[in-house]
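*Asks:* Spelled out from the first residue to the last, the chains are:
Number of protein chains: 2
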Amino acid sequence: MEKDQYYMNLALQEAKKGRFQTWKNPMVGAVIVKNNQVLATGHHIHYGQNHAERDAISKLTPEQLFNSTLYVTLEPCNHYGKQPPCSDLIVKSKIKRVVIGQVDPHKLVTGKGIAKLKSHNIEVKTGVLTSKIEELNKFYNYFYRNNKPWITIKEATSLDYRVSQNKNTRTNITNQSVYFRVHQERANYQAIMIGSSTAIIDDPSLLTSVKTDYPPIRVIVDRRGRLLNHLDLKVLTDHQSLTWIFTQNKDLIRKKFNDNIQVLLMKSNELSEVVNKLAQREIQSIYVEGGPTLARSFLNEDLANELIDYIAPTFLGSAGPAGVLPRGNLNLHNVQIENLNNNIRIDGEINV
Amino acid sequence: MEKDQYYMNLALQEAKKGRFQTWKNPMVGAVIVKNNQVLATGHHIHYGQNHAERDAISKLTPEQLFNSTLYVTLEPCNHYGKQPPCSDLIVKSKIKRVVIGQVDPHKLVTGKGIAKLKSHNIEVKTGVLTSKIEELNKFYNYFYRNNKPWITIKEATSLDYRVSQNKNTRTNITNQSVYFRVHQERANYQAIMIGSSTAIIDDPSLLTSVKTDYPPIRVIVDRRGRLLNHLDLKVLTDHQSLTWIFTQNKDLIRKKFNDNIQVLLMKSNELSEVVNKLAQREIQSIYVEGGPTLARSFLNEDLANELIDYIAPTFLGSAGPAGVLPRGNLNLHNVQIENLNNNIRIDGEINV
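Those sequence lines, one after another, are chains A and B.
Here the first sequence is numbered in the UniProt record's numbering, starting from 1 and rising by one per residue.
Here the second sequence is numbered in the UniProt record's numbering, starting from 1 and rising by one per residue.
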């Protein structure tokens with residue numbers, strides 16, 4: 001039915017208003033319609049605040065709600081979290097019909113919200129604009145379906161696939177447009193990961209230029225504890241976001257840092273251990289920013305879902321280290337390209 | 001004046017109809033207008049046939065031509081070539097006004113056609129849509145202004161900038177869309193050049209899929225005469241276009257081939273010698289298709305104007321030879337990118 005798609009699309013536009021503030025919650029939008037009139041819209045504004053359904057419902061009187069249709073992009077919850085269950089509120093509101101964009105993959109919710117509504121004789125329709133809506137919370141969906149975070153490898157290379165002009169030096173390869181693009185892109189992820197070499201050679205801040213109360217957590221893999229000799233690095237001193245360090249070094253574990261910094265024990269040499277620990281902490285997405293050695297381990301352990309290469313159309317020559325080189329053959333799929341003012345963004349998915 | 005631009009744009013669209021058939025002549029279009037009415041259009045249809053002005057004029061009566069305005073994308077010629085001078089015809093036709101897109105850079109024409117018209121009191125206007133029109137015959141303009149051909153290096157690489165999986169073997173890197181794009185692209189050039197290694201390892205035909213009476217000439221640089229041991233190669237046997245071989249090998253010079261093949265003496269080791277000889281033969285544009293060694297020489301001798309890299313989003317690993325690596329730093333400008341069904345075309349200009 002055309003009408004359902006129309007109103008669901010409105011709900012989708014509502015959902016997007018929550019971008020960058022819902023943190024580990026999905027973005028959700030809701031629209032309440034009666035007699036072909038939109039009576040209220042709502043969205044999940046901020047982590048810990050009202051869900052989209054409650055936001056919309058709270059704007060209406062019981063008379064308005066009676067016999068209305070609720071369009072909501074995600075299945076209403078049926079459990080007590082930071083908020084009481086939306087399913088109860090919907091039942092109580094005497095809403096007659098609920099149209100749902102996608103079923104919630106979160107195991108505390110999935111199917112249960114819908115079952116509750118149906119058990120109260122509310123008409124439920126699902127599958128409206130589902131693929132567009134799933135794309136909106138791509139990392140959230142992936143995380144709860146696969147119990148592991150979506151991992152994107154990002155690198156910046158010259159056309160001859162070098163990451164710098166010489167070993168152990170930083171070369172500014174890409175332009176300002178890439179700089180801004182990356183600072184925006186980071187805000188889509190819950191964690192940014194680098195290896196200790198990149199931390200030490202580049203001393204990056206790994207911040208986002210997006211206004212958000214939940215900037216990505218900086219994760220540094222420093223197996224041998226090299227950071228102990230570099231305690232003035234920005235990620236250890238700037239208080240701009242959290243920094244989590246994974247290490248096998250006992251001295252680093254014992255080291256006292258400021259409150260923004262946590263040091264975590266790495267028992268094995270496997271990145272999968274780090275990824276599992278991040279998953280336990282509900283990190284749904286990781287943006288791996290370097291260097292090539294760390295990225296290679298992700299590829300070789302079959303942990304990466306996506307690769308983004310920012311290419312400057314320049315040649316650095318064979319004295320410089322190459323970008324990430326996977327062990328075997330590797331093909332990217334669903335490739336998207338962008339021209340960033342003479343630099344190029346290539347983004348492709350990896351079949352894992 | 002808006003009107004002049006409007007009619008010149010019509011002339012430009014006419015000019016494009018001659019694409020791939022005017023050979024070393026430029027594409028030219030003409031429109032004849034009187035009392036705000038287009039009376040005739042014309043274009044240079046085929047090398048050796050009527051020029052655009054003559055094509056348009058021949059469609060009208062003396063009465064129609066009298067006091068009319070001629071829009072022509074390129075300055076009318078004033079010399080006897082394959083055709084008598086267009087300037088004389090315009091004067092005789094009693095055309096009152098001539099609007100010209102660009103001055104002809106060809107030394108036999110430049111400025112002379114305009115001078116002739118003015119000397120007969122014909123009103124001449126120049127500079128209408130000039131930059132768009134110059135783009136149409138980019139290689140022709142470059143050649144006559146600089147006395148050397150426009151040289152484009154084309155390569156196909158993996159994301160890690162390898163041209164094959166192993167030395168001395170051919171790897172099909174790019175997809176069918178790239179194949180078709182390259183077969184189209186070749187028709188824009190008057191010559192395609194490869195080195196002897198590429199000829200021997202890949203055995204390419206170097207043909208275009210475009211219908212044209214002037215397919216690009218295949219030029220092979222074979223300094224040492226290695227082709228003598230590979231006389232069954234397609235470019236030597238297929239009769240599909242001309243093949244010119246540059247060599248220092250006396251036996252190869254003396255070798256009898258079929259009529260489509262010419263062997264030319266290379267006195268030095270410099271590519272500039274080859275390029276100069278091609279320029280003498282009025283080759284206005286060269287598409288250098290490999291391999292990396294030949295391309296590198298072009299870059300190192302500062303002979304290349306443009307580089308096109310077709311990238312497959314795949315990794316071939318460091319056992320394979322790299323794409324062209326210039327000696328020093330090199331930046332591409334005016335970069336254009338295209339997504340070819342998951343493969344990427346990067347095209348940039350080189351400041352020479």
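Hints listed in this document are in silico derivations from the structure and should not be mistaken for laboratory results.
Do not rely on the hints blindly, as some may be mistaken.
Pairs count within a copy or across copies, as identical chains cannot be separated in the list.
What the hints assert, rightly or not - Okay, derived cross-link-like pairs now, SDA-like style, lysine to any residue, Cα gap no bigger than 20 Å in a straight line:
#1 K167 <-> L325
#2 K96 <-> D4
#3 K118 <-> S205
#4 K167 <-> S318
#5 K167 <-> G328
#6 K138 <-> K250
#7 K107 <-> F66
*Asks:* All hints are to be evaluated individually against the structure, with a verdict given for each.
*Replies:* Going down the list of hints, with the structure as the test:
1. K167 <-> L325: Answer is both; intra-copy 16 Å and inter-copy 18 Å each pass.
2. K96 <-> D4: within (14 Å within a copy, 66 Å between copies)
3. K118 <-> S205: neither (50 Å within a copy, 68 Å between copies)
4. K167 <-> S318: Both: 11 Å inside a copy, 17 Å across copies.
5. K167 <-> G328: For K167 and G328, only the inter-copy Cα distance (17 Å) is at most 20 Å; the intra-copy one is 24 Å.
6. K138 <-> K250: neither (37 Å within a copy, 66 Å between copies)
7. K107 <-> F66: neither (30 Å within a copy, 85 Å between copies)
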